[in-house]
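*Asks:* Protein chains in written order, with my numbering: chain A, 62 to 222; chain B, 7 to 587.
Don't take every hint at face value.
Here are the simulated lysine-lysine pairs, DSS-like style, with alpha carbons at most 30 Å apart [stated by the list, open to error]:
{"id": "1", "chain 1": "A", "residue 1": "128", "chain 2": "B", "residue 2": "565"}
{"id": "2", "chain 1": "B", "residue 1": "377", "chain 2": "B", "residue 2": "392"}
{"id": "3", "chain 1": "A", "residue 1": "117", "chain 2": "B", "residue 2": "315"}
{"id": "4", "chain 1": "B", "residue 1": "350", "chain 2": "A", "residue 2": "117"}
{"id": "5", "chain 1": "B", "residue 1": "392", "chain 2": "B", "residue 2": "565"}
{"id": "6", "chain 1": "A", "residue 1": "134", "chain 2": "B", "residue 2": "337"}
{"id": "7", "chain 1": "A", "residue 1": "128", "chain 2": "B", "residue 2": "337"}
{"id": "8", "chain 1": "B", "residue 1": "26", "chain 2": "A", "residue 2": "64"}
{"id": "9", "chain 1": "A", "residue 1": "128", "chain 2": "B", "residue 2": "315"}
{"id": "10", "chain 1": "B", "residue 1": "350", "chain 2": "A", "residue 2": "124"}
{"id": "11", "chain 1": "B", "residue 1": "350", "chain 2": "A", "residue 2": "128"}
{"id": "12", "chain 1": "B", "residue 1": "324", "chain 2": "A", "residue 2": "124"}
{"id": "13", "chain 1": "A", "residue 1": "128", "chain 2": "B", "residue 2": "324"}
{"id": "14", "chain 1": "A", "residue 1": "117", "chain 2": "B", "residue 2": "574"}
{"id": "15", "chain 1": "A", "residue 1": "124", "chain 2": "B", "residue 2": "426"}
{"id": "16", "chain 1": "A", "residue 1": "117", "chain 2": "B", "residue 2": "337"}
{"id": "17", "chain 1": "B", "residue 1": "574", "chain 2": "A", "residue 2": "134"}
{"id": "18", "chain 1": "A", "residue 1": "117", "chain 2": "B", "residue 2": "324"}
Residues of chain B placed beyond 10 Å of chain A at every Cβ, according to the derived structure [said to hold, decoys possible]:
{"id": "19", "residue": "66"}
{"id": "20", "residue": "140"}
{"id": "21", "residue": "390"}
Residues on chain A that point at chain B, a partial pick, calculated with CB under 7 Å [as the list claims (entries may be wrong)]:
{"id": "22", "residue": "83"}
{"id": "23", "residue": "87"}
{"id": "24", "residue": "124"}
{"id": "25", "residue": "125"}
{"id": "26", "residue": "130"}
{"id": "27", "residue": "164"}
In case anyone wonders, no lab produced these hints; they're calculated from the structure.
Keep in mind the model is a prediction, meaning the values are calculated, not measured.
Positions of the beta carbon are idealized from the N, C-alpha and C atoms, including for glycine.
Now for the letters of each chain:
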Amino acid sequence: MRKHTIAVIVNDQPGVLQRVSGLFGRRGFNIESITVGQSEEKGLSRMVIVTTSDDKMLDQMSKQLYKLIDVIKVDDISSNPMVARELALIKVTALPERRPEIMGIVDTFRAAVVDIGTESMMVQAVGDTDKIDAMIELMQPYGIVELSRTGVTAMVRGNIK
Amino acid sequence: MSSGQATMRSKEELREKWMKPDVITGSEILLRSLLLEGVDCVFGYPGGAVLFIYDAMHGFTDFNHLLTRHEQGAIHAADGYARATGKPGVCIATSGPGATNLVTGIATAYMDSVPLVVITGNVAQQFIGTDAFQEADITGITMPITKHSYLVRDAADLPRIIHEAFHIANTGRKGPVLIDIPKDVSAQKTTFVPALEPVVIRGYDAPAEPNGEAITAMIQAIQEAERPVILAGGGVVYSGAHNELLEFVTKTNIPVTTTLLGLGGFPSGNELWMGMPGMHGTYTANMAIQNSDLLINIGARFDDRVTMKLEAFAQQAKVIHIDIDPAEIGKNVPTDIGIHGDIKVVLTAVNQAAKPATKAEAWRSLIQANKRDYPLSYEDSEVELKPQWVIEMIHETTNGEAIVSTDVGQHQMWAAQYYKFNQPRSWITSGGLGTMGFGFPSAIGAQMAHPERLVVSINGDGGMQMCAQELAICAINNIPVKVVIINNQVLGMVRQWQEIIYDNRYSHIDLAGSPDFVKLAEAYGVKGFRATNKEEASRAWQEALNTPGPAVVEFVVRKGENVFPMVKAGDSISQMIMGDA
Ligand SMILES: Cc1ncc(C[n+]2csc(CCOP(=O)(O)OP(=O)(O)O)c2C)c(N)n1
């Protein structure tokens, strides 16, 4: 069992996310994260699905996805060098005296403070999953009030498509 | 048959009549588009959300519409029509309860790869999502059991959607396609622009030419095999490849077993045919699979009723799998050579190079010996009627040429075992989902498709009561289906499991309270007969055959009879319980 990142190009149709996620659910495939958004072509969306599976399951996943009429292309992009990123917004308790400390962590991670309240700060972090995990871990001691992660979006490096 | 039978017009005539670019309603667009797809028969049931469609059908005679008595009857009839013809079956139901009544039938067709175009009405778009009266999210409900579905938002899209739906339903791995039409769309007026161009759907392509290297490897494997076996499934029938399969078997001399859905895809009289494999398969077929060194799967999906315990299935065999659905290759059984393609196309290519499996002489003799020594058998009785005997009698009196549909249960397995099929599309049964209530209405669909053929519907006394109401449409439309009820007074197959697996603990299988089936038939205006011994059985059956219209024959059979051979769930297919004969 390994982690795989799969890019799925789909027709921009109502219900297409339901078709894809439903397929994963009923066939017993795991979804760690799923993101959807516009692709480079009008009328097509790109879904990026992070999943844990063995080779046989991965093969089934791709073949079953292709059976959906709205699915146009399925790519296991993790088989190539890729860039994978997610975004997290973390709201931490931050009384004025703790702020410098928190800022230190934010700077080290090249994250950004995007909002400050009287007793809290909102931090935005962008990076691969490991980086976001580490960032969250470091924020934990200050008291995370709210956390929102987008899930991974990804692309293969270089000129190939 | 039906006096109101539609007179089929040629496509040209229809185009002439219908193709004027009128401004018409979505409902009329729907009807014209169906005609363009060559539809001659639709099964349906009206209701609020489809009243514009039914209004457009008022006085409409270009195709038959059969009003069933339950939506489940309509969809199984459409399914039977599709299985008997290879053309998509069409059915219409209203929103909400009408649509949800179709769910079992859609799932049945999906599991067996049967092409259907299912049209449902929905509430007007402004009400969608408000829990309006008779609203159900039928596209959402049926997503896991349809090949594709559409929610139509604009009547102008209807011609394209219907054209695509028929294409999707009946190409590649076939299956049901749902078209959900909100009421305002079926009322909306717009200019009708017929969709006549070939369908192009991005990312949905016909399978490419079969892989030549894989075919070469297959030919090579046949040359080397000492114990080769062919496992042929429904894919052979669906792709119309029965002649190609026969040619392949004749050229290679490899013994062949046909799955439940593959019955009729290969002539049962051929000496290389071993019968059906699996849970109620023959000794010869199961032992051949288990001991094979080469297993060639042609259009079967390695269903668990065939493989039984997977880890113990055909362990010494090199596995070749030919399938139109690439996802089936390697799904259940690891495959050494996978060939993705339409069975007919692949076998045509294979047949050009196929040579006899010369190393398999001893194997063939062993199989012939097994066929001789372990035939299907049962202990006959002169006192009680035996269900197997009834099936044999039906086979003999129809020369094996009837279209036979069955319901689900013991009678289904006996029909599969004792009625010998020689032609494709003569056997209609719910394999994948195993749907009780399917048998009788599917026979109605088959009879609508083939008014000239003899259609025999074989049912249990349990399943017959799940769609018996459709006797009305046989009577009203004079649909001459011969309905057989194998009455053992219990839910037979459940009784068998409770006897063998649950230690004779019979729980809730007694069908006491069943109607008098002869009177039930008569209540609907259909001739009814009953038989309790061989002599009565022959006579009643002959009378039913001589009846010009529909007829019901109830055969009261021995209550405790079981289907053998049998493999228990969890066992391997070589662990067969052979029975008492
Ligand atoms: C809709 C549905 N409900 C339940 C079952 C489970 N089931 C399979 S066979 C069977 C018994 C069928 O009894 P009957 O129709 O009398 O046929 P027999 O087995 O006696 O020939 C049942 C209940 C089913 N297949 N389908």
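*Asks:* Next, verify each hint and record whether it holds.
*Replies:* Consistency of the hints with the structure:
no.: 1; hint: 128(A) <-> 565(B); result: 45 Å, violated
no.: 2; hint: 377(B) <-> 392(B); result: 23 Å, holds
no.: 3; hint: 117(A) <-> 315(B); result: 19 Å, holds
no.: 4; hint: 350(B) <-> 117(A); result: 28 Å, holds
no.: 5; hint: 392(B) <-> 565(B); result: 9 Å, holds
no.: 6; hint: 134(A) <-> 337(B); result: 20 Å, holds
no.: 7; hint: 128(A) <-> 337(B); result: 14 Å, holds
no.: 8; hint: 26(B) <-> 64(A); result: 57 Å, violated
no.: 9; hint: 128(A) <-> 315(B); result: 27 Å, holds
no.: 10; hint: 350(B) <-> 124(A); result: 22 Å, holds
no.: 11; hint: 350(B) <-> 128(A); result: 21 Å, holds
no.: 12; hint: 324(B) <-> 124(A); result: 23 Å, holds
no.: 13; hint: 128(A) <-> 324(B); result: 27 Å, holds
no.: 14; hint: 117(A) <-> 574(B); result: 28 Å, holds
no.: 15; hint: 124(A) <-> 426(B); result: 36 Å, violated
no.: 16; hint: 117(A) <-> 337(B); result: 8 Å, holds
no.: 17; hint: 574(B) <-> 134(A); result: 42 Å, violated
no.: 18; hint: 117(A) <-> 324(B); result: 18 Å, holds
no.: 19; hint: 66; result: 31 Å, holds
no.: 20; hint: 140; result: 21 Å, holds
no.: 21; hint: 390; result: 45 Å, holds
no.: 22; hint: 83; result: 5 Å, holds
no.: 23; hint: 87; result: 5 Å, holds
no.: 24; hint: 124; result: 4 Å, holds
no.: 25; hint: 125; result: 5 Å, holds
no.: 26; hint: 130; result: 4 Å, holds
no.: 27; hint: 164; result: 46 Å, violated
Comparing the model with each numbered hint stated earlier shows that hints 1, 8, 15, 17, 27 do not hold.
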